[in-house]
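K.L.:
What follows is each chain in one-letter form.
2 protein chains.
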Amino acid sequence: MEPRIHTITLAVEDLERALVFYRDGLGLESDGVVGAEFHDDVSGADGAIAMFRLAGGLVLSLYPRTELAKDAGIPYAPPTSGEVSLGHFLGSRDEVDRLVEHIARSGGAPLEKPRDRPWGIYSGYVQDPDGHLWEIMHSPLVDPNA
Amino acid sequence: MEPRIHTITLAVEDLERALVFYRDGLGLESDGVVGAEFHDDVSGADGAIAMFRLAGGLVLSLYPRTELAKDAGIPYAPPTSGEVSLGHFLGSRDEVDRLVEHIARSGGAPLEKPRDRPWGIYSGYVQDPDGHLWEIMHSPLVDPNA
Numbered sequence: 148m149e150p151r152i153h154t155i156t157l158a159v160e161d162l163e164r165a166l167v168f169y170r171d172g173l174g175l176e177s178d179g180v181v182g183a184e185f186h187d188d189v190s191g192a193d194g195a196i197a198m199f200r201l202a203g204g205l206v207l208s209l210y211p212r213t214e215l216a217k218d219a220g221i222p223y224a225p226p227t228s229g230e231v232s233l234g235h236f237l238g239s240r241d242e243v244d245r246l247v248e249h250i251a252r253s254g255g256a257p258l259e260k261p262r263d264r265p266w267g268i269y270s271g272y273v274q275d276p277d278g279h280l281w282e283i284m285h286s287p288l289v290d291p292n293a
Numbered sequence: 148m149e150p151r152i153h154t155i156t157l158a159v160e161d162l163e164r165a166l167v168f169y170r171d172g173l174g175l176e177s178d179g180v181v182g183a184e185f186h187d188d189v190s191g192a193d194g195a196i197a198m199f200r201l202a203g204g205l206v207l208s209l210y211p212r213t214e215l216a217k218d219a220g221i222p223y224a225p226p227t228s229g230e231v232s233l234g235h236f237l238g239s240r241d242e243v244d245r246l247v248e249h250i251a252r253s254g255g256a257p258l259e260k261p262r263d264r265p266w267g268i269y270s271g272y273v274q275d276p277d278g279h280l281w282e283i284m285h286s287p288l289v290d291p292n293a
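Protein sequences, first through last, are from chains A and B. Numbered per my numbering, the first sequence spans residues 148 to 293. Numbered per my numbering, the second sequence spans residues 148 to 293.
Isolated chain A, as found in the complex (with noise of 0.2 Å):
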């Protein structure tokens, strides 16, 4: 397989909820919901989906997790968290705890206050509306736009 990753897309409870979060909140651009048009007769799931295209063409996605279950066709699971978690990472340890502070004002979940890791990051992590995790990091060795 070629060693790249297309799309990720989040399980969400509430789709308007959670495009709030990560367009508004987050700033993160999206036209919105999207394929509201489409129907699976095979499935049962319907299109309706929110996206945002991210640096290196990588495509997140927002979809109901009753419809992801039917369209993947698998039993329908109620949430959970600690199954994923996504990674951001900033220029600097103010900037990390700026983002982890505008993300509980912006409907996210801060877990703890963000400190140093002994594998060498400085990180907090956060959980959006729906529970998945976020890692907010910095490291003196990652430069977070290479």
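Since copy identity is lost for identical chains, a pair holds within one copy or between any two.
Computed cross-link-like contacts, SDA-like style, restricted to lysine to any residue with a CA-CA straight-line distance of at most 25 Å: (1) Lys217 <-> Gly278; (2) Lys217 <-> Asp188; (3) Lys217 <-> Thr227; (4) Lys217 <-> Asp277; (5) Lys217 <-> Trp266; (6) Lys260 <-> Tyr223; (7) Lys217 <-> Glu163; (8) Lys217 <-> Tyr269; (9) Lys260 <-> Phe185; (10) Lys217 <-> Ser286; (11) Lys217 <-> Val189; (12) Lys260 <-> Thr154; (13) Lys217 <-> Pro287; (14) Lys217 <-> Val231; (15) Lys260 <-> Gly182; (16) Lys217 <-> Glu259; (17) Lys217 <-> Ala195.
It is worth saying that the hints were derived from the structure and are not from the lab.
The hints should help you fit chain B onto chain A, whose structure is shown.
P.N.:
Chain B in isolation, oriented as in the chain A frame:
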């Protein structure tokens, strides 16, 4: 926030099993398990992790489920599927079929035969050994290398 995800960390039950699947099965390059020398006295989390550098600078990491819970400071939760789906585009329907078959032979679980979806893609879902969803896709409108 800058529109960028730097890392995707998947919680895994057995680090070695997951590494074998992604490195030997899917052919992603990795230095293997690193960070085993680290332990965080604050959270109790061990540092052992496996990483894969993907296109666009994105890093895919495999980290034991127990340690991710400790590191993030959340309660341990048993594995579940359907929280997140990672998407991979290919240049043809044949390539989708072949990759899904290859993943099945490599310890992944295909959920159904790839098929057309009403939103214009041809795709099939598979699960990695920990149940994480991958959607293997083709769309005539998407250049996998763009």
